[in-house]
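Visitor: Sequence:
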Amino acid sequence: MSRTNFLLRELQGTFLRSKIQWHEEGEKSTKFFFNLEKSRQKKKVMKQLLTDQSLIITDQHEIMKEQVKFYTNLYQAGETDNESRNQILCELRRFLSPMDVEACEANIHYELKAALLAMEPNKSPGLDGLTAEFYKVFWRDFIDIFTRLIETSFHDNELCESMKISILTLIPKKGDLRSLNNWRPISLLNVDYKMIAKALAKRITSISKNIISEDQTCCIPGRDISENVLTMQNVIEYVNSYNKPGFILKIDQYKAFDRVDHNYLFEVAEKLGFGPKLLKWIKLFYTNIEGRIKHNGYISDPFPVKRGVRQGCPLSAMLYVLCAEPFLEAIINCPYIHGIKFCEVEAKIFQHADDTTFFVSSITSIYSIFNIIKLYERASGSSCNIDKTELLSIGCSHVNPSNFDFPVRKDFITVLGVAIGNDKKSIEKENWEKKVTSCRKLLNTWKGRKLSFKGKSLIINSLIVTRLVY
1 MSRTNFLLRE
11 LQGTFLRSKI
21 QWHEEGEKST
31 KFFFNLEKSR
41 QKKKVMKQLL
51 TDQSLIITDQ
61 HEIMKEQVKF
71 YTNLYQAGET
81 DNESRNQILC
91 ELRRFLSPMD
101 VEACEANIHY
111 ELKAALLAME
121 PNKSPGLDGL
131 TAEFYKVFWR
141 DFIDIFTRLI
151 ETSFHDNELC
161 ESMKISILTL
171 IPKKGDLRSL
181 NNWRPISLLN
191 VDYKMIAKAL
201 AKRITSISKN
211 IISEDQTCCI
221 PGRDISENVL
231 TMQNVIEYVN
241 SYNKPGFILK
251 IDQYKAFDRV
261 DHNYLFEVAE
271 KLGFGPKLLK
281 WIKLFYTNIE
291 GRIKHNGYIS
301 DPFPVKRGVR
311 QGCPLSAMLY
321 VLCAEPFLEA
331 IINCPYIHGI
341 KFCEVEAKIF
351 QHADDTTFFV
361 SSITSIYSIF
371 NIIKLYERAS
381 GSSCNIDKTE
391 LLSIGCSHVN
401 PSNFDFPVRK
411 DFITVLGVAI
421 GNDKKSIEKE
431 NWEKKVTSCR
441 KLLNTWKGRK
451 LSFKGKSLII
461 NSLIVTRLVY
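For the sequence shown, UniProt numbering assigns the number 1 to the initial residue and increments by one for each residue that follows.
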């Protein structure tokens, strides 16, 4: 073998070991291409951690122990009140029709392949290491075994052990990253589990319009997150133009997905009219499940997960929307909460999953909102994060900031990533100048790469234009 050929083989081996795909994918519109500059951010390592005793620890073994302690406590079942639960469930006004129930009760086996084929490639697998690509290649060999496994799990009222365990990988959010409150736990689940979850999610999504209020835009076909932002901006323009009184209240739920009480979830699904088979599948997904932390290449011992819906599961967002529906209806039905009327419509509440914004015309309405929030907390296990709650006064409204435990603003607030409010100059600066700066910074990171005209156009269309359009 010549020296040149030897070096080429060594180079190819290095490519494979380091998973460098540039020589193969180049500037194709692939996930790899667009993640080239994101990889550094994703590799953030938790080097320090602030404990609940306000101590800073740096030892990696101690950090993992603290993580396990934090999430064991977070996923411990909290106290909920049956009377409050019954009270808020009575607010529901929409239920599944017999036709919808029948559609959701059909045998799930026939939808598994479609669920598998709909999965995106190059996603991290669960604990068993089997990817969606693996199942797609060997589907004919697995289908009979997988079908029997599903039937056995359903008959025994419990998933197999590998489906019950999720690997929690922590993704940094905004704020002090020494605090675990500022990390988002994403569940890495086995593909066989995700196939079932995806098939069930598709079923529920198909009938969701019939049971979910128009004021919720998450997961509902035909509804879009931009509808909320545009409607809010229109309401503000109307109130300011006619000098009417109005307030916008933005609340934040602390660890919203992680605090959902499982019994509350089951009762909501039953109250909405879910059939016995679909309800049983939802219960199976949250019976005797466990989590394990993945930290710096190590995996912790398992710990019980007794509340919360798994972020990373295809079904979780839809389940959360179902859980939030009684709260949304309670706000809409409350006669003491006066929304803002415009164009013969009364705007009271806008939701996108747990992102919740209220429009009211009086201070007393705000107090009534918090009464319902407390009722919802007692019923579902949720917790309102006052530190991230804000109130914006619009039109001719004036309010004493000392009346509330959260900021009262007159200029703008940020909702769903967009600044809305009264001060147009501040809004323009917040929405556009910061966005232009971030786009310029992103483009600068690509300057060092030798891109063709096609590669440059991909960057502009896929990474820059999309940011500005939203």
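By construction, these hints were calculated from the structure, which means they are not laboratory data. Cβ atoms here follow ideal geometry from the backbone N, Cα and C, with glycine treated the same way. It cannot be assumed that every hint is accurate.
Label pairs and their calculated CB-CB ranges [what the hints assert, rightly or not]:
#1 N181 - N210: 21 to 31 Å
#2 H61 - P304: 16 to 26 Å
#3 N234 - V408: 41 to 51 Å
#4 N240 - F134: 30 to 40 Å
#5 E62 - F95: 48 to 58 Å
#6 N181 - S402: 43 to 53 Å
Visitor: Determine for every hint whether it applies to the structure shown.
Guide: Results of checking the hints against the structure:
The beta-carbon spacing between N181 and N210, approximately 37 Å, falls outside the hinted interval of 21 to 31 Å. In this structure the supplied range 16 to 26 Å holds for H61 paired with P304, their Cβ-Cβ distance being about 22 Å. Range check, N234 to V408: about 23 Å between beta-carbon atoms, so the 41 to 51 Å window is missed. The given range of 30 to 40 Å is broken by N240 and F134, whose C-beta atoms sit roughly 57 Å from each other.
Distance hint check: the CB atoms of E62 and F95 are about 51 Å apart, consistent with the given range 48 to 58 Å. In this structure the supplied range 43 to 53 Å is violated for N181 paired with S402, their Cβ-Cβ distance being about 27 Å.
Violated hints, listed in ascending order, are 1, 3, 4, 6; each of the other numbered hints is respected by the structure.
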